[in-house]
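Throw the hints in and build the complete structure from the sequences for me.
The listed protein sequences derive, respectively, from chains D and Z.
The numbering used here puts the first residue of the first sequence at 1, with every later residue one more than the last.
The numbering used here puts the first residue of the second sequence at 155, with every later residue one more than the last.
Honestly, I wouldn't trust all of these hints.
Unchecked claim - Computed list of lysine-lysine pairs in BS3-like fashion (alpha-carbon distance at most 27 Å, straight line): (1) Z:K284 - D:K96; (2) D:K79 - D:K150; (3) D:K96 - Z:K279; (4) D:K150 - Z:K256; (5) D:K130 - Z:K256; (6) Z:K212 - D:K5; (7) D:K115 - D:K14; (8) Z:K259 - D:K145; (9) D:K130 - Z:K279; (10) Z:K256 - D:K145.
By construction, these hints were calculated from the structure, which means they are not laboratory data.
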Amino acid sequence: MTQSKPIYFETLDKNAYFLTDKITISAAEIRKFATQFDPQPYHTDRIAAETSIFGGLCASGWHVCAIMMKLLSDTLASKNIKLIGSDHVPFLRWHKPAFEGHELYAELNFDGEDKNETNKNFGTILCNVKLLNQENTLIMELQTKLMIEKRSKH
Amino acid sequence: MTTTSFLRSRWFEDIPVGEFHVFGSYTLSEQEMVDFGTSYAPQIYHTNPDAALNTRYKGLIASNWHLCSIWMRLMVDYMEGYSLGVVDGRRNGAGLGFQDLKILKPVRPGHTLTFSHEIIEKSEKILKKKWGIIKSRNEAFNHKGELVMTFVIDILAERNPENFT
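In structure tokens:
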């Protein structure tokens, strides 16, 4: 975490591109998340997973979303971008399973301001996210709307 | 008629548009919200109840992804309950993606959410001959009856091989 100058909506590059860090997912983490939130055999039991639709132990789609959020959060925090929420994900697609041992990272592409969303305290940025693994296979993609704090309210 | 009550053993053809379930309720604690936030959504309004008071939310709120994860758990518990006794109990359920996840109200510690699920469309599209796509609208309401979350999700459902040509 750097102490760089805060970036508010007014000074934010509305078409910025960021590459996140990487997170490697272990079988233990896949099982732990799934046991709590998605206890289906292809997320909790390696043997049962092999004969399932996915063909092996893989992370819950919601676990993959959570990992994406961690990657996105840490990247924006490291730039000191004043993210204050997100209340709309227009679409998300799970393209491929994330298997144990996969090293996941994300590409974040800001895609301009959403001018339909007006608020005196924040502006809204469209953010296209691609989550990939160590072989650069597309695992998941989504578009999310990020609320970025305005400096002018201060 | 015996298999019709086994929700997850049904073939694509057996799942009717318009089917509606209120499938579960859940009360969120402060600790589990902080745990989820700390692991996956480390904004202070998800991780620190005191610091969250000074944010626009004026207190701790649940991460959107935490709410989705709770939706999944309640859905699995509800559906799996009906697949007991079926050898291949999962002819449907794998997710392809969703549209328009919207969070309309903050969810705070102690709030109780109730979740509903309605089949709204069966796509004409067939994947790899074997799979159909079921679209459902999912909603969560809080203890005051306010809509707090909504999304439309696409899941795969296996087609009855008798209908393969």
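Hints, verified against the model:
no., hint, result
1, Z:K284 - D:K96, "18 Å, holds"
2, D:K79 - D:K150, "16 Å, holds"
3, D:K96 - Z:K279, "19 Å, holds"
4, D:K150 - Z:K256, "22 Å, holds"
5, D:K130 - Z:K256, "20 Å, holds"
6, Z:K212 - D:K5, "25 Å, holds"
7, D:K115 - D:K14, "12 Å, holds"
8, Z:K259 - D:K145, "16 Å, holds"
9, D:K130 - Z:K279, "25 Å, holds"
10, Z:K256 - D:K145, "10 Å, holds"
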